[in-house]
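Protein chains in written order, with this note's numbering: chain A, 1 to 361; chain B, 1 to 361; chain C, 1 to 325; chain D, 1 to 325.
Since the hints were made in silico from the structure, they are not lab data.
Every clue listed holds true.
No farther apart than 25 Å at their CA atoms in a straight line, the calculated lysine-lysine pairs in the BS3-like style are these: (1) D:Lys280 with C:Lys253; (2) D:Lys286 with C:Lys280; (3) D:Lys253 with C:Lys286; (4) D:Lys280 with C:Lys280; (5) C:Lys46 with C:Lys76; (6) D:Lys286 with C:Lys286; (7) C:Lys280 with C:Lys253; (8) D:Lys286 with D:Lys253; (9) D:Lys280 with D:Lys253; (10) C:Lys253 with D:Lys286; (11) C:Lys286 with C:Lys253; (12) D:Lys76 with D:Lys46; (13) C:Lys286 with D:Lys280; (14) D:Lys253 with C:Lys280.
Computed far set for chain D versus chain C, every beta-carbon distance over 10 Å: (15) Ser179; (16) Pro215; (17) Thr223; (18) Ala225; (19) Ala246.
For clarity, every value in this text was computed on a predicted model and none was experimentally measured.
Note that beta-carbon positions come from the ideal geometry of N, C-alpha and C, so glycine has one too.
The lines below spell out each chain.
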Amino acid sequence: MTNGGTVAHSDADPAPEGDGFPRDRRLEAYRWMVTARVVDERALSLQRQGRIGFYAPLSGQEAAQVGAAYALRPEDWVFPAYRELAVALVRGVPLRSLFDQLVGNSADLSKGTQMPNHFAYRAQHFVSASSPIGTQITQAVGAAMAMQRRHDRAATITFFGDGATSSNDFHAGLNFAGVFRAPTVFFCQNNQWAISLPRERQTVSATLAEKAAAYGFPGVVVDGNDLEAVYRVVRAARLRAIAGEGPTLIEAQVYRFGPHSTSDDPRRYRTDSQVAEARQRDPILLLKERLLSEGLLDAASEQELWESVRAEAARAFEAAERAPPLDPHTLFDNVFATPTPRLAEERGEYDRLVREGLGKP
Amino acid sequence: MTNGGTVAHSDADPAPEGDGFPRDRRLEAYRWMVTARVVDERALSLQRQGRIGFYAPLSGQEAAQVGAAYALRPEDWVFPAYRELAVALVRGVPLRSLFDQLVGNSADLSKGTQMPNHFAYRAQHFVSASSPIGTQITQAVGAAMAMQRRHDRAATITFFGDGATSSNDFHAGLNFAGVFRAPTVFFCQNNQWAISLPRERQTVSATLAEKAAAYGFPGVVVDGNDLEAVYRVVRAARLRAIAGEGPTLIEAQVYRFGPHSTSDDPRRYRTDSQVAEARQRDPILLLKERLLSEGLLDAASEQELWESVRAEAARAFEAAERAPPLDPHTLFDNVFATPTPRLAEERGEYDRLVREGLGKP
Amino acid sequence: MSELTIVQAVNRGLTEAMRQDPDVLILGEDVGINGGVFRATEGLFKEFGADRVVDTPLSETGILGAAIGMALYGLKPIAEIQFLDFIYPAFDQIVSELAKFRYRSGGQYPCHVVVRAPYGGGIKGGLYHSQSTEAYFAHTAGLKVAIPSTPADAKGLLLTAIHDEDPVIFLEPKRIYRSVTGEVPDGDHRVPFGSARLVREGSNVTLVAYGAMVPAVTEAAETLANEGISAEVLDLRTLVPLDEAAVVRSVEKTGRAVLVHEAARFCGFGGELAAILAEKAFFSLKAPIARVTGYDTPFPYALEHVYLPNPEKIAHAARSTVRGG
Amino acid sequence: MSELTIVQAVNRGLTEAMRQDPDVLILGEDVGINGGVFRATEGLFKEFGADRVVDTPLSETGILGAAIGMALYGLKPIAEIQFLDFIYPAFDQIVSELAKFRYRSGGQYPCHVVVRAPYGGGIKGGLYHSQSTEAYFAHTAGLKVAIPSTPADAKGLLLTAIHDEDPVIFLEPKRIYRSVTGEVPDGDHRVPFGSARLVREGSNVTLVAYGAMVPAVTEAAETLANEGISAEVLDLRTLVPLDEAAVVRSVEKTGRAVLVHEAARFCGFGGELAAILAEKAFFSLKAPIARVTGYDTPFPYALEHVYLPNPEKIAHAARSTVRGG
Ligand SMILES: Cc1ncc(C[n+]2csc(CCOP(=O)(O)OP(=O)(O)O)c2C)c(N)n1
Ligand SMILES: Cc1ncc(C[n+]2csc(CCOP(=O)(O)OP(=O)(O)O)c2C)c(N)n1
Ligand SMILES: [Mg+2]
Ligand SMILES: [Mg+2]
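Only chain A is shown next, with the shape it has when bound in the complex (with noise of 0.2 Å):
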């Protein structure tokens, strides 16, 4: 077991035999990935109604997600970007946390502090995400070596996008990791856009797998519409990563169906043709077809697995809606483990405006 906090049970945990994606939990994992398409659908509907204040949508990516997750173990852990709820789902992470931070309520355990979409789990190894670009990843590097100093079997994988490969953070990382053997999984969902840019225009490599090379270890590029595809590339690098044999980049090419977040309109950039083109191999179909084809699934099934979902996500939200605001006070708190005296007086001073009928919450 790792430092602090203890891995909640979680259902999730793949305990992964063998190397194929294991078959009785394909239902389960569809289950996650038409979770995660309802909260995209649902995210986006209560942001244009005001209901939450922002939202990036992952839907597209929800195959290499739900694929890189069931290929980690509980003490892995987790370095992401602002878009890996379906990977927080899988984690364990209750819908009804992601909601809370969606809102920022009481509940929220991040207490309010940031924007949709930078979740952050102790509990299931999901470390606090930032916007800023690439930082997670050399923040991966450095949990990964303190991995190896503990000596614990364990890995880190890290999720970022086709843009972050351009980042400071993706070169030190890659580097370190690669001089420091460290037991990292680099996870890129190519998603072939950082907001209006193509991937051809963020780099000229041909792939951006082969950047590895660079750094002197092994890059993979996998179809990440394809779950047990990218399963079986994760588990591999991952088994790499703790048999001490060093680090492994994975390309997993996506596309991002939906806009780059809320404030994005991605018709500026891109037609709706080529977005039509792309989802021909949404990986929910594709991967509802090979259940259907395999008699895990049938129409009717299929339809009350949507109707379900959508109720529990209904639920999990108004229950979120309905929790109690943040105490303001809980602006001073986290600042440090104990607050300055600064802060104590600067907290005295909001209570003395508030006294006075002023900055009521």
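Position chains B, C and D with the ligands against the provided structure of chain A, taking the given hints into account.
Structure of chains B, C and D with the ligands alone, referenced to chain A:
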């Protein structure tokens, strides 16, 4: 002709024809290499005597620097690090100017603002060097993008070390150059050490040159002790650049014979025998042998050459030492084009102090 | 004259400068076909093409490094940083290089880059889409820092910045990008650096602000006027160069100062202002100098209304200062 | 007790902490076999091995990112930045990540990294081996900032930093690394954060300083004493948390303040001190608050003796403050 400054006429303008190093300039090139070596010797001893404050020798890197510099044209721009004294010499910077900078006197074109070795000579398009590792790399790419936009048939070259390949600017600079096909030559002098860190622990890739692949353009390894080989690859890279074919990364493999700088004691991290071995391929020795065998040099003229260079260097340094010191008021110059009221006030404050007998120069 | 929002005025300023001078170009993330995430560069890509409105890879290090190289060569690059919060990967290029090029080369290499960045809170942006870290730049010798609060100043200060010879950090108050409108002169409108704007005359207390805090301070001054307190309001417009004379003169008249910014208080720009006053207007001061600022916490998300200065907090501080409360 | 220099005291502090706790480790450039370019980590590589004294590639981004990851996992990393001037490639990790981890995760992810860096001028280091940019860090909510000026404090504050739960920027005055010596307690010596050191009692004027300016200020106080001016000298020791009470108390007593640092004046730490005094000690102030600081230029090379505050300049300012000159 490019922006602003006129390129002073330089004897060193090679106007190279044909691919090989011009035969009639080999002796001249040798003289530059000897000059650099002599400056190193002299500067190290001057520093020990406390007559200059700091010095970073380039011994071992003469052929790489001189070979690269000969492949350039006056209209090209050089973005150096702090060790490129021989490049400055070949570009036509007078020895005296270099010594003015080492001393930081009133004749120093950089007005004594910088530590020794941080040269800047606008007339020779030798851009101001700074200490932070790597920062010149992206700047060279930007200047090359400016040349593109101005349709100037010129290129930029940037010099940096093996350590600098780990910098943020290496990654950003090479990536931008790839994406924008910038006419830039990235010239890495791999002298095997970043202070005490050996090349193998800087990064795991087999060569530094191969890192270019991650950015979609060629990387070339060259024997940096071989003047002519360096000349050929830099010349080819330059021609590629101005033909609009994009950047090239060149790794010149050399060995740093001396300490990292006068603040460094290399015996803490490497053995004398390692250095002795490397010195067997001293670039000056190699070229000397060639010139001797080709009859361009004989023992007597070789002896004479060293003596005349030593005498020239001694004269130039003494002149630099005799030059008047800086006017203390220059402290307040060149922060902005025109001093702000605040700076004018501080200058006045300083004058008052001097008038009252304090802080006299 | 046209009635414009602040972001439109920025857009007009950019258009004007690019039409005037073919050496002016813009580089940044999503500035081209997308027109910038705030639409500040809308239409420029179409008018000036990909060579002058350059969509870059996702690297602020690269953006600033490239802009500096261009400037050294003689172009006039304008670097857009998508949010001020994302400027830190470029911090080394800004403080080590941009700010020091002219100085360290003894004037041989001026380095004129304009760095534009939307800054500040009030848009529910949380920790990473809300910060005001102007103090970092103001403390860095060699950088000028401009922060407009009106559409006319947005265009006028921007054109001055583009025609300046020194590096300028140009911070745009995104919170009032669209909420504040005003008349903006057409053509080559310029507002000089180092000259504060007297927003409102008054005699009892001086309120000093800049950027998005100017409307808040102005509103506070109106409230105070109704209570019989006459507040003078100064909009600094540029922090570097600073119009110290205007600040000192005003406080010599009123005897009281309330310094307002949304950045954290500790070591913020208000500290510099207070120090100037405590040195140069000392004998005129009738009351302690007050600061109304963000608290010394990271910028929050759900509680940004608690964090930010607002007209009530400002008026309250002014009242206490005047009444000795 | 041992008589040590400051850099030796740092070395002892590191050794002590690493012996106490196997989770403490050091990473940085040239910290291993080379023992650090200033020899602060001398001997540690031999005692603790390459796993705990980690020579990294040349990337401050990587050093800080890795240190943060290690800290999140539960180790206690100490990151050495070779010169404070080279911290900027890590600035994003420091201000966006290190400073905000605990806050943004609602306390789930404390992030305790100690960042050690030699800082300051007086060693003929020019622009890039001399800077004092403590104000950047002091302005960043979530960071603590410690700056010792004596060997005992160097060890004591460092051990406190390593045992703290929050990120600490630990700035070491390299100019006096070897020139100042003093008795240092053996073993687990700790000096609390947020408690200024009263270097010298006085009644006419308070001189406030930290780091390498403390000896200069102390020397000025001696000169002043010979002239009949009794100067109180405070060494802040930590800028965050700041011992405001000590500063205010002293100025309430003396009525006069001279604030000293080698960083550029504009928006420097002296501004914050002046603002605190102009608010909280206002009614005790008998004279304008003076600042003796570096000028608002980049740090020079040949002229650093002109740039830097020295005992003469400090004494001069104190004299003017006391005599109303
Ligand atoms: C350092 C930094 N610069 C700019 C931004 C603004 N920004 C937010 S997301 C984004 C694009 C990211 O693209 P990518 O890495 O491909 O991830 P994706 O959004 O496609 O998942 C940009 C430019 C940022 N968050 N951080
Ligand atoms: C950003 C930064 N970090 C650290 C340093 C301190 N430093 C100066 S030179 C050097 C090593 C550089 O190695 P390399 O790039 O190989 O160049 P070389 O000195 O061998 O020519 C280091 C670490 C620096 N100057 N800049
Ligand atoms: Mg993407
Ligand atoms: Mg080297």
